[in-house]
Structures are given as C-alpha cells and as structure tokens.
Amino acid sequence: MANFSEPLKLGPYEFNSRLFVGTGKYETFELMQEALEASGCEVVTVAVRRERLYDKQERNILDFLDRSKYTLLPNTAGCFNAEDAIRTALLGRELLDIEWVKLEVLADTKTLLPDPLGTLEATEKLVKEGMTVLVYTNDDPVMAKRLEEVGATSVMPAAAPIGSGQGVLNANNIKIILERANVPIIVDAGVGTASDVTVAMELGAEGVLLNTGIASAKDPVRMAVAMKHAMEAGRLAAKAGRIPRKLYATASTTMEGRINA
Amino acid sequence: MANFSEPLKLGPYEFNSRLFVGTGKYETFELMQEALEASGCEVVTVAVRRERLYDKQERNILDFLDRSKYTLLPNTAGCFNAEDAIRTALLGRELLDIEWVKLEVLADTKTLLPDPLGTLEATEKLVKEGMTVLVYTNDDPVMAKRLEEVGATSVMPAAAPIGSGQGVLNANNIKIILERANVPIIVDAGVGTASDVTVAMELGAEGVLLNTGIASAKDPVRMAVAMKHAMEAGRLAAKAGRIPRKLYATASTTMEGRINA
Amino acid sequence: MANFSEPLKLGPYEFNSRLFVGTGKYETFELMQEALEASGCEVVTVAVRRERLYDKQERNILDFLDRSKYTLLPNTAGCFNAEDAIRTALLGRELLDIEWVKLEVLADTKTLLPDPLGTLEATEKLVKEGMTVLVYTNDDPVMAKRLEEVGATSVMPAAAPIGSGQGVLNANNIKIILERANVPIIVDAGVGTASDVTVAMELGAEGVLLNTGIASAKDPVRMAVAMKHAMEAGRLAAKAGRIPRKLYATASTTMEGRINA
Amino acid sequence: MANFSEPLKLGPYEFNSRLFVGTGKYETFELMQEALEASGCEVVTVAVRRERLYDKQERNILDFLDRSKYTLLPNTAGCFNAEDAIRTALLGRELLDIEWVKLEVLADTKTLLPDPLGTLEATEKLVKEGMTVLVYTNDDPVMAKRLEEVGATSVMPAAAPIGSGQGVLNANNIKIILERANVPIIVDAGVGTASDVTVAMELGAEGVLLNTGIASAKDPVRMAVAMKHAMEAGRLAAKAGRIPRKLYATASTTMEGRINA
Amino acid sequence: MINIMLNGEPQELSEGIDVSKLLQDLKITVPCAVEMNKKVVPKALHSATIISDGDVIEIVTIVGGG
Amino acid sequence: MINIMLNGEPQELSEGIDVSKLLQDLKITVPCAVEMNKKVVPKALHSATIISDGDVIEIVTIVGGG
Amino acid sequence: MINIMLNGEPQELSEGIDVSKLLQDLKITVPCAVEMNKKVVPKALHSATIISDGDVIEIVTIVGGG
Amino acid sequence: MINIMLNGEPQELSEGIDVSKLLQDLKITVPCAVEMNKKVVPKALHSATIISDGDVIEIVTIVGGG
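Going down the list, the sequences are from chains A, B, C, D, E, F, G and H. Start counting at 1 in the first sequence, then tack on 13, and there's your number in the numbering used here. Start counting at 1 in the second sequence, then tack on 13, and there's your number in the numbering used here. Start counting at 1 in the third sequence, then tack on 13, and there's your number in the numbering used here. Start counting at 1 in the fourth sequence, then tack on 13, and there's your number in the numbering used here. Start counting at 1 in the fifth sequence, then tack on 1, and there's your number in the numbering used here. Start counting at 1 in the sixth sequence, then tack on 1, and there's your number in the numbering used here. Start counting at 1 in the seventh sequence, then tack on 1, and there's your number in the numbering used here. Start counting at 1 in the eighth sequence, then tack on 1, and there's your number in the numbering used here.
Read the hints as simulated data drawn from the structure, not as lab findings. Just so you know, not all the hints are guaranteed correct.
Heads up, simulated EDC-like pairs for lysine to aspartate or glutamate below, C-alpha to C-alpha not over 20 Å straight-line [as the list claims (entries may be wrong)]:
{"id": "1", "chain 1": "B", "residue 1": "Lys259", "chain 2": "D", "residue 2": "Glu71"}
{"id": "2", "chain 1": "D", "residue 1": "Lys252", "chain 2": "C", "residue 2": "Glu107"}
{"id": "3", "chain 1": "G", "residue 1": "Lys39", "chain 2": "D", "residue 2": "Glu71"}
{"id": "4", "chain 1": "H", "residue 1": "Lys40", "chain 2": "A", "residue 2": "Glu142"}
{"id": "5", "chain 1": "B", "residue 1": "Lys138", "chain 2": "F", "residue 2": "Glu36"}
{"id": "6", "chain 1": "F", "residue 1": "Lys40", "chain 2": "B", "residue 2": "Glu112"}
{"id": "7", "chain 1": "H", "residue 1": "Lys39", "chain 2": "A", "residue 2": "Glu55"}
{"id": "8", "chain 1": "G", "residue 1": "Lys40", "chain 2": "D", "residue 2": "Glu137"}
{"id": "9", "chain 1": "H", "residue 1": "Lys44", "chain 2": "A", "residue 2": "Asp232"}
{"id": "10", "chain 1": "F", "residue 1": "Lys44", "chain 2": "B", "residue 2": "Glu50"}
{"id": "11", "chain 1": "G", "residue 1": "Lys40", "chain 2": "G", "residue 2": "Asp54"}
{"id": "12", "chain 1": "A", "residue 1": "Lys252", "chain 2": "B", "residue 2": "Glu96"}
{"id": "13", "chain 1": "F", "residue 1": "Lys40", "chain 2": "B", "residue 2": "Asp110"}
{"id": "14", "chain 1": "G", "residue 1": "Lys28", "chain 2": "D", "residue 2": "Asp232"}
{"id": "15", "chain 1": "G", "residue 1": "Lys28", "chain 2": "D", "residue 2": "Glu142"}
{"id": "16", "chain 1": "F", "residue 1": "Lys39", "chain 2": "F", "residue 2": "Asp56"}
{"id": "17", "chain 1": "C", "residue 1": "Lys158", "chain 2": "B", "residue 2": "Asp121"}
{"id": "18", "chain 1": "B", "residue 1": "Lys252", "chain 2": "A", "residue 2": "Asp232"}
{"id": "19", "chain 1": "F", "residue 1": "Lys39", "chain 2": "B", "residue 2": "Glu50"}
{"id": "20", "chain 1": "F", "residue 1": "Lys44", "chain 2": "B", "residue 2": "Asp110"}
{"id": "21", "chain 1": "H", "residue 1": "Lys39", "chain 2": "A", "residue 2": "Asp232"}
{"id": "22", "chain 1": "A", "residue 1": "Lys123", "chain 2": "B", "residue 2": "Glu219"}
{"id": "23", "chain 1": "B", "residue 1": "Lys22", "chain 2": "B", "residue 2": "Glu269"}
{"id": "24", "chain 1": "C", "residue 1": "Lys259", "chain 2": "D", "residue 2": "Glu137"}
{"id": "25", "chain 1": "G", "residue 1": "Lys39", "chain 2": "D", "residue 2": "Asp232"}
{"id": "26", "chain 1": "G", "residue 1": "Lys40", "chain 2": "D", "residue 2": "Glu142"}
{"id": "27", "chain 1": "H", "residue 1": "Lys40", "chain 2": "A", "residue 2": "Asp232"}
{"id": "28", "chain 1": "F", "residue 1": "Lys39", "chain 2": "B", "residue 2": "Glu19"}
{"id": "29", "chain 1": "E", "residue 1": "Lys39", "chain 2": "E", "residue 2": "Asp56"}
{"id": "30", "chain 1": "G", "residue 1": "Lys40", "chain 2": "D", "residue 2": "Glu134"}
{"id": "31", "chain 1": "E", "residue 1": "Lys22", "chain 2": "E", "residue 2": "Glu10"}
{"id": "32", "chain 1": "A", "residue 1": "Lys231", "chain 2": "B", "residue 2": "Asp110"}
{"id": "33", "chain 1": "H", "residue 1": "Lys40", "chain 2": "A", "residue 2": "Asp110"}
{"id": "34", "chain 1": "E", "residue 1": "Lys39", "chain 2": "C", "residue 2": "Asp232"}
{"id": "35", "chain 1": "E", "residue 1": "Lys40", "chain 2": "C", "residue 2": "Glu134"}
{"id": "36", "chain 1": "G", "residue 1": "Lys39", "chain 2": "D", "residue 2": "Asp76"}
{"id": "37", "chain 1": "D", "residue 1": "Lys252", "chain 2": "C", "residue 2": "Glu19"}
{"id": "38", "chain 1": "E", "residue 1": "Lys39", "chain 2": "C", "residue 2": "Glu71"}
{"id": "39", "chain 1": "C", "residue 1": "Lys252", "chain 2": "D", "residue 2": "Asp232"}
Remember, it's a predicted structure, so these values are computed and weren't measured experimentally.
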C-alpha cells in the first residue's frame, strides 16, 4: 500500500510521529510510560524543577523515559517572565544535554495564558543563545508571525487555554496563522479529546502537543491510542483533499436503472 | 498492550471494523478496491439496478469485491416509496443470497432526505419478511425510536444530508437518540472528512457508514486510511473518558519547585 | 424614516408583530400580563385543560388577556396522539370561538418531541374541519413539506427541543425548509435568549413562537422587551442584506492620505 | 413600563446608546447621515487623513455630522506603528478639540489585525498625554488586562478580523476578558449582522463598535435599525437572566388536566 | 340516577339533566367548552342536550400554555 | 409472440419461454435477480417459470452505491 | 525661497511665512490640524509659527472611518 | 563558614567547597543541573567552581510536565 508518511523536521531533528506528549499529571510513572508507548509519540515534554534536597523522592522520572526511544523536550512551564524562562531553558539544556526547548512564558497562575511580550523577548534571546525554540503562544496571527521573525523553529498556538479541553476555539485564527507561516505550526494546549487533534491537523497544522487530554482521561492508555489514531486521521485527511460542504445532497448512487424509474 | 477491540453485532453478523463503506462514485473499480482495502472495512454497501440488457458493461462490480473478505450490504438507494424499496430489498436478497438490507426510502431527488413515513412502512414489512434491516433515517429521535420498535436491527440517523459533507449537524439529536436506543446506532450520510467520523463515534455511535467522503476525495485511498484511523480514534476516545471542558486552565505541570518561586 | 414593517398573513389574520408568545409557567397572571405587553406580541398561545370542578381556582387566565389586543391561539399541548389533539383543537375552537389552532402532537412526556405521524394525521383532519392549522414539527424538511401539502397554514419547525433553550440547533435544516416553503415558516420551541430569535429571523423565518425563554427568565419582563427587539433586529437584518463572511479584513477606512504613508 | 436603561460611562462622557458606529465606506454622505440617525448611536468614529491640498473635495464629512447630536471619536485607522498612531491621535484631538481616541495600531495591511506591542506602547503614551483611550485589540485576555493596567479607559477586543463579518469567533476569550475586566469592554470589529451584536452583548460586553456591517449592507439604513434593536435585545437579555441550556424538554404547559390523561 | 364519566371521574347524576343544567349545578362561571362522547357540544345546544347513562363528558377551560 | 415489459421497455417474445431461457437469450452472465409482476422469481424457479403475455419483468444486478 | 515637505510632497515656499498664512494661501476652509516636524501646532499658535527651510508639515482633516 | 541561598533557602556551608563537593554532600544521585548567581555552571566546571559567601545556587532536576 502507498506510504503516506512524511517526517516532520524541527531544527536538527526529524520525527515520524507528529504527536508531542507531556509527562505531567499521571498517577504513576508506570502509567505514564504505558501511555507514552501507546501514543506512538517520539517527542516527550518534561519540566525543570528544583531538586528536593532533603525530602528526596525515591524515583526519578528520567528512569522511566527511554532516551533511545524518545527525544526529551524540556519546557519552561511555570515561568511568568522572560528571565525565569530563559534561565529554566538553559538549565534544561545543561541537564539533558539537548539544544532545544518548548518555551512558555505565562501571564498568570489562574488562566495560564501566555504572556505575548515575555514570550517574544525570551524567544529572541534563546535563539541568540543558539537554541532551537518551539514557542507556545496564543492564537494571534500577529504574534505568531513575530515569533517566527525572531527565529522560532516552531510556533505553537494554543487551541484553547491549557487544560481547558475545548479543542480549537478559533479555527479562523489558526487558518490565518497557517496561511502565512514559514515554520511548522504545532497546535499546543486545550486538546480535550481525539477529534480535537484530528480537527487541528485537518486545518493544516504540522503537529499537536498535548498532556492533560491523555493524562487526566479516565483511561489514559486507551486515550493515548485514540490520540495516535486521531493524529494519523487528521494528517491524512488534510492531505487527501476533502469534499466540499453543501447545503444538501449529491447522490452517492446513480439514479439510472432504478426499477420503476 | 491492552486489547480494546469489541466486535459490533448486527443480527447474525459480527464485525471488528465499525466503518461501513459504500461503492458508489469511484472513478474505476480498481480505485474502489484499493480504497476499500485501505479503509479496513468489513461491510461494503452496494446498490441494485436494472441490468443494461443490450449495452452491456464489460465488467461487473462483483468481480472486484472479494466476498470472503467483505460482507456485502445491498441498499435501496434511489427508492422513493416503500413499495419500490421493499421490491429492491428483496431483489438484493435474491441476488446476493444475503438476508439483510440497508433500507433507504427517500423523499425527493433534490435533497435525497429520507421519507419518514415510507421508511417506517418499509421497515415494518421487511422485518416481517424476516430480513435484518439497517435503516437510514433523519436525526429525529422520535422516528429513530419508532424504527427500533418495528424491528430495525440498526437505526442509521443522518449526520447531514447525503453527500453534503457537513458532519454531525445536530449533536443534540444524536445524543438523545443514543440515550434511548436499544439497538446499535450507526451514523450514516453527510460525513465529509475524518474528524466527522471521530466526532460521531465520540458521541457514542456504534459505527459510521460513508461513501462520498472517501470516493470523492481528491485522493480516495489516503482518505480511506484517514477514515480508518478516525474510526479507531473516535471509538477509543468515547470509551476512554475524556476530560471535562472548562473556561480555562489547569496546569499540566506542578507549580511547586519553580526557580524563583 | 423609512417604514420597514410588513404584516404577516396567517389565514384570515394579519399581524404586525411576528413574535408569538405563550402563557405557561409565569409566577402570576399579573407578571404574564406585563411580559406579554412588554413583548409587543399580538398573538398569545393558550392551552385547553379540564376545568377543576370542585377545587376551583379563584382566577381565570382569560380575565388577564385582553382579547381586543391579543388574538388568542389555542394549542394542543400535552396531546400524545392525533385523536386527542383533534378533540383538544375542536374544544379550543368552541371555547374561544376562533377557527385556528397551534397543533402539537407529542411523542412522549420526557423529550416532548413532536410525533411526525400523529402530527401529519391531525393536521390533515383539522384542515378538513376547516381550521387554520399552525403546526409544530421537528426540523425535518420532508415533514415540513408534507404538512404544507396537507394544508397547514404555517409550519412551525422546532429550533431545539421544547424548553431546552438551545436556539437553532440545525440551521442547515431550517434553510432547506425555508428554501422550499410556500407557507410562512414560524420557528417554534427551544429559544433560550434574544439572539436565538434574531438568528432564526436572519435565516429567513417569518416569525418565532416562544414561551419558556421569557416566562422562566430571571426577569421575564425585561426578557420580553429583549425578545421584541431581537425580533425586529432579525427581521430587518434578514431584509437588509448582510455583508459576506471572510477569513479576514477589509479596511473600513481608506488607506490613502495617512501621514507617513 | 420599567425603565431598563443604564448609561455607559467612558471617561468624561456618558451615553445612552451603546452602539458605536463608524463613518467609512458609505456611498454618499447623505446615506451615512441617514444610517447614523437610524442606528440611534451617540458616538461616531471618524478618521484623520491628509487634506488633499490641490484636488479638494467639494464636501467635508464634518458638515454631515451634527456635533450637538453625536460625540465624534477620532480613530487612528491605518497606523502601523505606535509613533504614527500617537501623532494621528494628537492631530485628531487638535482637530476636533476632543480628548479621546479610538486607538488602532495595526500589524499589516492584509489582515488589519492589531499589533499587540505597538498598541500597548501607544496606549501608555497617550494615557500619559492625558487622553481618554479606547483601544482596539485582539481577543487575548492577557493583552486586554495589560491595556487596562496602562490606563485604557475602555478595552475593545475584536469579535473577528476587521471587515470579516464573522461575529464573535471565540466566546471563551471574550468571557475571560469580561470576567477580569475593571473597565468597560466594547466589542469592536468583525460584526456582520444583527445577531452578532446581540451575542456580544449577551456575553456581557458594555458596547459594540461597528462600521462595515452597516455601511456595506445592501440596505445600510435598514441594517442600522436592525443593529439598534440588536443592541437593545442583547443588553436587555444579558441583564434579564436567560434560562439554562438543556439536552431536552421542559414542558411550557402543565401536564395536568389533559383530556384522556 | 345515571352514571357518567365527568372529566375522567365517575359521577352520579339525576336523570334528564341537560348540559346547561350540569354547568349551572357545578357553578362553573369561567368560559368553558363541553365535549360529550368525544364530540364537542356547541354552546347553542347545551340546553337541548340531555345527558344519558354512560355518557363521557369533558368540561374544559383555558389555562396558560406555550 | 407475446408482449411483455422488460426493464421498463416493451418487448416481443416467443411464446412459452421460461426465465432461464430469457436470461440465456439475453446473454446475461453477471449475477442477477429476476422479478416478475413485482414478485421475485427465485433462481431455483427460473426454469419452471414460463413468461406470459403482459408480464412485467425486471432483471437487476449489482452496481456501486452508498 | 525655502524647501519644505508638505503632506509628503516637496514644496517651495517664500521665506517667513507662518502657518496661518500657509493655510490661507492653500485656501483651506475645512477644519484641519497642522503638524510641524512631528509635533502638533495648536491653532492658537498658527500665526506665531514661522515655517523654516526643511520643515516637515502635515495638514490633516477628518474623513470617514470605522 | 559562609552563607548562601540554596534552592530558595538560606544555608550555611564550609568555606572553599566546590559545586561537585556540594552535590556529593547533598547525596544527589539523580541527573541535575546547577545554576550559580543566575548563570548555569556546566558539568565540566563543577569541580573548578568554588562557592563563595552570598552565592545564590539552584539545583534542578527533571519532573513531569506538559
């Protein structure tokens, strides 16, 4: 059968899976491991946090992430200004010996919406530091373009607020972003269920990043498989050229030759 | 890995694939064959028409449908009253030596919307003839229930008008139908792209039947693979228990341990 | 200023207001009276019920409805088959000495969705009785056409289930109904707020009937005024010829003559 | 009848109408005049442009705007950086001897989407100049808050791109903006028809500004009346407390006392 | 005495009573319509319509409804 | 000769021909089903079913459809 | 003579002309505002503001806009 | 003894300790990265980097995140 795969290039990397999966909120590391495996993802996002110096946890997440299988993508989750995000990005690079980051500069703890100004500043500086920056942003086409202009390797507009599970709220904005982008657009945040991934890919996105949608589903492993299929479905449908929408009716069976016709 | 499959029972039949694919509108029989193969479907719908007695086509569609692989489901497409639909159903049974039918009684050639009264009448009579009736209907929960009551094995509400490519137009109605159904609900007609299948399945449908969405896509084989994945995605997501929708934000990364926190 | 009004003709009647308002669910008759007044409606629907023979209510609703101001439209709410609906319609006619009815034949007490078969049967018989029948139905274009064909003076498709407050759920169906109708289409049931009325009218409906949306609002009188304006807004906008929808941007100000241009 | 009006305060001004109407794109000044009159608006936006020094137009728009009736609101339409916008705002103040401005700093001529950074910078500087700034922005809740923080008197998020006629594309964002705002939120840009105004007001906006929706309608005067009513409808409905949305059915007529019950 | 059904309830009635008399006895003052054995009895015929044993009578009025 | 309707068209036929013979004469090789006067003629009865004057016959096959 | 930029176009002007005079010479009767070298020149200062060589002047008025 | 800030908490430390020694003393075995006064201290320089009074040190590791 025809081979429809087309790898996604991001800076020095190339991936066959276009699903990027986070590692937060799983009940156990084992469940996380099983869900990541089920999702078929090749890129896994992780966060950088202070080591608990005296109340050490027994187990470290890195023991549960096979780096021969997954490319780890450190993020700057929880940073509320450019400086913290830059420091966190550089610590992530040092820690994982990897030159890229999923940059988040958030505006406040309540909505977790991205701060456009801090995001732009941090992107510019990290690019100058030589890093491959995948940058989380709102769905504003103007900021998306600015982030591309200052050197982001991928712009990652939110489908909806982090953890909101609402899917693509403004397809119009995503379409405008895609129409004008010269870098891969990866839809990030707000995915609630499988069809949200399919819809994002059908719009023309190059990938989708999600975490809560899988990790907080009742059955994360099953949802991970769903997301994997949803990604394939959306990517293929986007390339297959869908039929147009009409008010009604085109017969799928010929009208000729009916008995009594 | 966990096995999430759950076969769909329809009268005497049992299927692993929940995608039902039509055979109309393909440019060539070979393309049809390839698309059916790619879709992973196990049930294939076909229509019954007068043999062209003197201007014979060289090739018959049945030579391109491997009956050891596909269960053929004759339909009554193009029938505009109960009598014609019943006659067509019985001819289909005779022809294919198979006891079931996808019943369509349409109201007019322009919209191809189903005629509720003729549909109900034909369902009742065909059930009495001992046939397994899968019946195409509009998305009215009342008619869906009536069709179940007169013995339909499966009720098949339209997502949208045949060939309209609009996907599920009224999720509210589909939800009410599903809430009250005691027979499998298979969404039929109106599917335009992969996410339409996923959405229908996430609502809780037991299957989806489509034709134009694949056959009239620019690349039917690629769209067939998309639909196959979309079906898996939707079915699994429906069972996996999605996260709730919120106005905004639940962090997927802990706020504790941030530098400068 | 231009006069944009265009009366609505329904059988022997002619109305300037296109808002039809029900009288159920108000906390007091006085509140009902005030809300009806505020809505500017000229047609008021009422129901027919057994007189409580021994536990009489002090007050009768008719004392609160000025018939020199409002045309009363008896309905058959609560009837679950054609026979009861016909009897109720004829009792309403006798009671109010008025030759019309808002016909409802419902399928069950839980969903209150209309029963297409009983509705069609009752419409046909009441038309033969010489009545002006305004008939409540689902949003199926096929049944709408059938009801017109058997003589309904107005077909009243549901925006959404009675009392659901969801507004027009399937604009596609309403559009098809309107495209093919030769009688006035009045959207009935499911209106939750003012914009639902405006949207229905913008689609091209000739009127809207509602009850719960006003009666169960926190402030029914204020909502009644809102509905009155919403009706005007929708009717006028439908006739004014709206601008087309675009992905983006047409400047509303000329680009010429900017400083620094 | 109850008086539901509640004036809108904006800096030193107070208005009874919450509809702000632009003056661009009308075929004639007379038509503009008639449409403004019909809309009931009290605030009219105008633009600042170079005087054509040698090819003078016979007629000036100011001769068609009765300043005893309308408060003119100069805008900075067509400015693509903060400096130009500030200069234009100050020229508008000088010209009209009025201390306020509708600030627009756009990103590019193709999409006419606002530039968040330039917008923020210009807002801050104009506020320091002592001006009352009503600032056009995208629907990002973070930027809306920043603009409030630097002193905007009103924040004006776009429903959709200027001239796109799509209505509120992301109700989620508008809701978050409203939930957190301490200044009046006026929805600006993207209004296509009357229901768009009603929907924006039902979400809780304090006003709506539009131009193309009226000026480019087939019948601008009729659409202006529609918009006036749509504004009333939306404002009243927002305050009246709408009924909740349900999957189905609450009877608006009692089930008791039916014949045959 | 005769037995009838009145608004869904069994009821005893003297013989020979007409519809007008029944309404009077029931002290019904609100506008109402009367159905006997599933046929409307027009107001003009109330006095002329004698109620018989086994008759099923409905007396209805107007209530609020949507 | 007899006159029948065959797939909607008037047709002349020799007398005494059965359904099997008709299909053979028409050189129909694809799978088909036959209806006579709105009743299906099962395959097993093709040879035993003689076509009479005025009969309305439909011969159908399978085509693509959704 | 001096050279200035006026509404984006190069322009020759006699020396010593003030803003009021310029507007008069241009026969501008509609309401307008004047900017010189990116600063607004308030109406009250039009007569007192002499135009010099190299000045960049904008004269703006109101047009329709949204 | 010197006083430093370690992961946001004040801490006493012997003089002359380098970053390697600190990590050893803290018995940190998981992969970590170290920042001193807002600059990353690359692993290769841990032994060569002596901690001074007033230094602000962050020791971070990887946790789950989206």
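Structure-based check of all given hints:
no.	hint	in the structure
1	Lys259/B / Glu71/D	violated, 57 Å
2	Lys252/D / Glu107/C	violated, 41 Å
3	Lys39/G / Glu71/D	violated, 28 Å
4	Lys40/H / Glu142/A	holds, 13 Å
5	Lys138/B / Glu36/F	holds, 18 Å
6	Lys40/F / Glu112/B	holds, 17 Å
7	Lys39/H / Glu55/A	violated, 32 Å
8	Lys40/G / Glu137/D	holds, 18 Å
9	Lys44/H / Asp232/A	violated, 40 Å
10	Lys44/F / Glu50/B	violated, 31 Å
11	Lys40/G / Asp54/G	holds, 16 Å
12	Lys252/A / Glu96/B	violated, 43 Å
13	Lys40/F / Asp110/B	holds, 16 Å
14	Lys28/G / Asp232/D	violated, 37 Å
15	Lys28/G / Glu142/D	violated, 32 Å
16	Lys39/F / Asp56/F	holds, 10 Å
17	Lys158/C / Asp121/B	holds, 11 Å
18	Lys252/B / Asp232/A	holds, 8 Å
19	Lys39/F / Glu50/B	violated, 36 Å
20	Lys44/F / Asp110/B	holds, 10 Å
21	Lys39/H / Asp232/A	violated, 41 Å
22	Lys123/A / Glu219/B	violated, 39 Å
23	Lys22/B / Glu269/B	violated, 50 Å
24	Lys259/C / Glu137/D	violated, 32 Å
25	Lys39/G / Asp232/D	violated, 41 Å
26	Lys40/G / Glu142/D	holds, 13 Å
27	Lys40/H / Asp232/A	violated, 42 Å
28	Lys39/F / Glu19/B	violated, 41 Å
29	Lys39/E / Asp56/E	holds, 10 Å
30	Lys40/G / Glu134/D	holds, 18 Å
31	Lys22/E / Glu10/E	holds, 19 Å
32	Lys231/A / Asp110/B	violated, 45 Å
33	Lys40/H / Asp110/A	holds, 16 Å
34	Lys39/E / Asp232/C	violated, 41 Å
35	Lys40/E / Glu134/C	holds, 18 Å
36	Lys39/G / Asp76/D	violated, 28 Å
37	Lys252/D / Glu19/C	violated, 30 Å
38	Lys39/E / Glu71/C	violated, 28 Å
39	Lys252/C / Asp232/D	holds, 8 Å
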